[in-house]
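Here are the chains, one letter per residue:
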Amino acid sequence: MFTLLRDLRRLRRQLDLPASTRGRSLAIRHVDAGSCNGCEHELTLTSGPHYDLQRYGLGLVASPRHADLLLVTGTVTTRMRDSLLTAYAAMPEPRRVAALGNCALGCDVIAQPGEIVGRVEDILPVDLRIPGCPPSPAQIAAALLELLDRDPELTSPGT
Amino acid sequence: MSRDADTQYREGVADALSRGCELASLYASAERGVQGVRAILREPDGALHVISTAVHGGRVPSLVDIAPAAEWPEREAHDLHGVQFDGHEPMRALIDHSGDLPAWTVPVDGPDAYQIAVGPIHAGVIESGHFRFHVVGDRILHLDVRLFYKHRGLERAAVGRSLRDGIVHAARACGACAVTNRVAYAHAAEQIAGLRPTPEVARARSLLLELERLWSHLNDIAAICSGAGLAAGNQRFAALCENARRLNAQISGHRLLFDSVHVGGSHLDLPEHECRAARETLTRLQADMTTAWRDLVFNASFQDRLVDIGVLTLPDAALLGAVGPAARSTGIAEDARTSQEGWLAYDGFQPAVGDRASGDVRARFEQREIELRQTFALLQRFLAAPIAPDACMPGGSAVARAVTRIESPRGATICALESDGTRLDRLHLHTGSYANWPILARIVAGNLLPDFPLINKSFELCYACADR
Chain A
1 MFTLLRDLRR LRRQLDLPAS TRGRSLAIRH VDAGSCNGCE HELTLTSGPH
51 YDLQRYGLGL VASPRHADLL LVTGTVTTRM RDSLLTAYAA MPEPRRVAAL
101 GNCALGCDVI AQPGEIVGRV EDILPVDLRI PGCPPSPAQI AAALLELLDR
151 DPELTSPGT
Chain B
1 MSRDADTQYR EGVADALSRG CELASLYASA ERGVQGVRAI LREPDGALHV
51 ISTAVHGGRV PSLVDIAPAA EWPEREAHDL HGVQFDGHEP MRALIDHSGD
101 LPAWTVPVDG PDAYQIAVGP IHAGVIESGH FRFHVVGDRI LHLDVRLFYK
151 HRGLERAAVG RSLRDGIVHA ARACGACAVT NRVAYAHAAE QIAGLRPTPE
201 VARARSLLLE LERLWSHLND IAAICSGAGL AAGNQRFAAL CENARRLNAQ
251 ISGHRLLFDS VHVGGSHLDL PEHECRAARE TLTRLQADMT TAWRDLVFNA
301 SFQDRLVDIG VLTLPDAALL GAVGPAARST GIAEDARTSQ EGWLAYDGFQ
351 PAVGDRASGD VRARFEQREI ELRQTFALLQ RFLAAPIAPD ACMPGGSAVA
401 RAVTRIESPR GATICALESD GTRLDRLHLH TGSYANWPIL ARIVAGNLLP
451 DFPLINKSFE LCYACADR
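Those protein sequence lines, which keep their order, are chains A and B. Residue numbering for the first sequence follows this note's numbering, beginning at 1 and increasing consecutively. Residue numbering for the second sequence follows this note's numbering, beginning at 1 and increasing consecutively.
These aren't lab readings, by the way, just hints derived from the structure by calculation. Do not rely on the hints blindly, as some may be mistaken.
[Said to hold, decoys possible] Residues on chain B that point at chain A, a partial pick, calculated with CB under 8 Å:
| # | residue |
| --- | --- |
| 1 | Phe131 |
| 2 | Phe133 |
| 3 | His134 |
| 4 | Lys150 |
| 5 | Cys241 |
Just so we're clear, the structure is a prediction, and the values are computed from it rather than from any experiment. Yeah, the Cβ is synthetic: ideal placement off N, Cα and C, and Gly gets one too.
Next up, chain B with everything else stripped away, as it sits in the complex (with noise of 0.2 Å):
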């Protein structure tokens, strides 16, 4: 019987990938005390769908060898939730700390390959993570990555929670992403509950999330000189950040934007001089931002700095399941923002994706400059009329769970929810971030040392949302 379930459980997915399907994410649930496993798959339409087995004697099959995609996940639902995954060897600890080096690192052998240890406190006003390079020389040949230093438990913290007031969880999870997460539970709770967005509370949260990416995006481009050691360049974009993070407070009242989407509805309200403005300061912006651009186009030594390093190729994209900018920089052109028809107002959006889309850390950087001219339309589009608070609408039956993916600056994010109706059984969240990480450990491989910090900023993935 057990058996069935699990051929079941395994042949789905596979049929699912067969056609076409992604594996979105993974995560262990106990709903009314049944402990199971869901794996969430993403039709090439966009439209997502679960398939769960109950876990059976602690064991389930796993889908690493089909969906790559699967090995955090796995790994993390077995140091998490004690689920055993029968074909994932060696099962290597992610999130649990407590073994030595082989316990989690790939073993490197051979003449001249030594390790270098960096982290978990780096160098300069970085989040915490732990890096272990083996190398040779300056080449890099592996790099087990050891993160969830800044682990607190969010989820869990989060069962018991009515479903209104368990969105702080998924807020805390990262600052960077905190409009990003916070939609992606409100949506995923407004469907358990029966409701739905009007285009008021659409377009809300919609500009929200694109000035969201505005401030991201912009760090990130500061964060790539400052990695390819263009001061000029980072001070510049450091502080069209700041004059960003400036426009945020001016219409959330918070320079980060927290605390300004709730289940339910939406409290934004810019009466039509406060959009006018807004409008204005973002044109200034824009127009800053182009100039600033325009010498690091023309930079030569820094453009040389970029190109052929970190390189993702766009079959190890796709296998791997990358998502956001790193994904589309290697000519997928995928983003979570074409799939939200009615609950988020980007009708006729289309993923950008650039001439070069080389995957390498140029065409990530370019990437940003592309989706920024995007985000500066959204942006005028979402301010062209007053935005007054509104509260959702019923909108269809109440269900149990739910599954949404939100684009956030770094990619994907994708929330699951399962509830009673009043109270969180379960809260999970599968960042943009957290997707990404394994493909930049992986692809690292083969490149310089000293190109890391480089690389790495052209992905410039949050720590704290992978970690929860």
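So that you can see chain A by itself, here it is in the shape it has in the complex (with noise of 0.2 Å):
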């Protein structure tokens, strides 16, 4: 463990990530519209020993009526339409949804035009967009991290 350890140093320098922390939080709730499990298997690693995020304050969830942010992978399944809305409608104000991957975006869907609804943002209101194929949990992270400083509604401390 020691040794790891010692090689995150390393590891973590050579990230494109702020070393600082934000002194405020962001609370995560993922959920999977229909994605093809690539997004899935990237945003675990977000929470790895590289990428840490949870050093910044922010983390995954696991209720909806736990987050600040609705974070939607894959094309939206007409099958998982009530269960994404439902979960929406879970979450305390100040609430935002993040679309999470090319899927989610629109770009580029493959898929049979009546087993799917569409984009996130054609059934919520998307704030964030995270392109990529998956995008990667540095491009995730980066993006994770973006909101955090940018919206001062979302992440100001308790009023």
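Dock chain one against chain two, each of which comes alone in its own frame, and use the hints as you go.
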């Protein structure tokens, strides 16, 4: 374990992520609305030792009721539409929606038209777009941190 | 007349099963407007053959009583293609989500029995799917799995596309099995076109398949640690998985190896210095993995957590058609990498089966490490010489249908293609995950509900390539 921790310092220095924390936090609820599982595998590694988004106050939470941000992957399928809307309805205000990956953004979608509803922004107001097929953990991390920095309402200390 | 044809179909399959064949897949097709059902059988030597029957009046005899592996494929053919299977009773909905609970669940009744609904949205970064546990207290009596929330109709959307371009539909089915699905498709398309990979193309594809297995097995070990609540093990293997994905990017230009396999040839270009760099990275990765693995092996409280739960017995694995690490960890020495003569570069490969092969979570956990050692050795071999782009060579006459079987990290994936030579009439994928999902659902009965996440992670099946 000690070897790994020593390596991490070196590996993290190579990343183009800020060194400092933000003094704020963002609770994220992920919903897979019809992805190929590629975005999930990359998103999972943002919690791994290399990126460790928790150190910036970014955490994946278990319920939309605890979440500031709904992070949606995949083109929205007809079978996932209602569950996605239910998750959004359960979120407290202020709430934001991020579309993660090209499918969620409606790019290069491959599907039978009747089986999908469309892009995430066709059914929810999207505040953050993270393109890529799939976006890398570094790209996901940078986009989420950028949201944290530019959206004062979402991340202001308790009022 | 139709009755005779039906009898021939069922008897043909029964004969094949009695001489040791296994039902590998089954799908509905409409070749030149005639609707048919095709059963794909795998001979003990790995050869695949297809027994077809035409659908008369919308009906076909069911195989589910002689081959339980036909259950999901028949339910799928019913829901998507309207085929009625005589003898498949009750025909529960699989992909059709329009019905209420009784349409797709097994009735479970009795004192203190109740249901726990989980999903389709899960608590972590997990794909979407619904589990309905029938439990008494903490004990699982029965699990009904409802997947296909992510059904995108990829196979139907592929109809009419060119033989060359249809590969994106197989690839898009699953990001975690992108190479496997692409190779399975490419081999089938090349058989239809009368092509055959050169040794160079075969080696490039084998390299990509093993790179996919490498990150995937590292991910599975991380996931099992997480399922057992061992954060240190999870983080350590997550770091190894990240390093494996960086190697993928270094070799193929993509962290998950997307778009690296094409019909008719290989674009992979690895000159000597890149092969050497990759071999060195792999040597370091293997050393790190070995150290990390040793810490897990000697962590007694963690090891205790894995024993005797989620047991898949060898007879059940054989009867139900289990594939991949889940099957090999029960003692079944079967691996699709042994039957790729000339098509992939696995000459001399022998399936790995652990000494324990006890079919529980620990056996599936240990199976990943055994297979990782093989994968590291194979990768060193494939990278021993530079790899250059190459085109397939002529290899026999063109055919209208082809079936291939490729070992994904989760087990053998079947790809069936039907084509007039230029356009696709039918693409069907029966992935390792698709084969193992109903088995996972079945074996959790009798286990404790809090053990389910761990049992589930010991299979670590994809939802996307089952849902398609």
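Cross-check of the supplied hints:
| no. | hint | verdict |
| --- | --- | --- |
| 1 | Phe131 | violated (14 Å) |
| 2 | Phe133 | violated (18 Å) |
| 3 | His134 | violated (22 Å) |
| 4 | Lys150 | holds (5 Å) |
| 5 | Cys241 | holds (7 Å) |
Checked against the numbered hints above, the structure violates hints 1, 2, 3; every other hint is satisfied.
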